[in-house]
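Trainee: Using the sequences plus the hints, can you model the full thing?
Throughout, the numbering used here is defined as the position within the sequence shown, counted from one, plus 14.
What the hints contain is simulated information worked out from the structure, not anything from laboratory work.
Among the clues, some could well be false.
Said to hold, decoys possible - If you anchor each label on the Cβ, the simulated ranges turn out as follows:
#1 Leu30 <-> Leu71: 15 to 21 Å
#2 Ser77 <-> Leu26: 17 to 23 Å
#3 His87 <-> Met42: 53 to 59 Å
#4 Leu71 <-> Val35: 22 to 28 Å
#5 Ala40 <-> Arg83: 46 to 52 Å
#6 Lys89 <-> Thr56: 20 to 26 Å
Think of the CB as a built atom: it goes at the ideal place given N, C-alpha and C, for glycine as much as any other residue.
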Amino acid sequence: LNSAGEISFTILSMTLSLAAVFIPLAFMPGLLGRIFREFAITIIVAILASGLVSLTLTPLMCSRILKERGAGHRKTWTERFVA
Numbered sequence: 015l016n017s018a019g020e021i022s023f024t025i026l027s028m029t030l031s032l033a034a035v036f037i038p039l040a041f042m043p044g045l046l047g048r049i050f051r052e053f054a055i056t057i058i059v060a061i062l063a064s065g066l067v068s069l070t071l072t073p074l075m076c077s078r079i080l081k082e083r084g085a086g087h088r089k090t091w092t093e094r095f096v097a
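Mentor: Right under this line is the structure:
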């Protein structure tokens with residue numbers, strides 16, 4: 015979980031800057047604006063959701079799946095699948 019803290023600023027800045035690129039498409043006037051509005055909103059929501067997952071769920075899943083175990087432990091099905 016310490017490594018998630020190291021890259022959280024990078025993930026946050028990349029997510030916000032990438033979402034900001036598509037914001038003008040959501041507010042374009044005219045026929046072209048109506049065509050691109052749904053596309054832009056979908057992309058923005060997907061980017062923000064991806065950033066949220068990468069900051070919260072991914073470190074949680076890594077800590078659960080890849081936790082250290084003592085010597086002589088039996089491998090879990092996820093460890094066998096990944097290896």
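Trainee: For each hint, tell me whether it holds in the structure or not.
Mentor: Against the structure, the hints:
Roughly 19 Å separates the CB atoms of leucine 30 and leucine 71, a value that falls within the hinted 15 to 21 Å. Checked against the given bound of 17 to 23 Å, the beta carbons of serine 77 and leucine 26, roughly 20 Å apart, stay inside it. Under the hint 53 to 59 Å, the C-beta atoms of histidine 87 and methionine 42, about 57 Å apart, fit the expected range. Leucine 71 and valine 35 have their C-beta atoms about 24 Å apart, which keeps the hinted 22 to 28 Å range intact.
Range check, alanine 40 to arginine 83: Cβ separation about 48 Å, and the 46 to 52 Å hint holds. Between lysine 89 and threonine 56 the Cβ separation comes to about 40 Å, which falls outside the hinted range of 20 to 26 Å.
Hint 6 from the list above is the single one not met by this structure.
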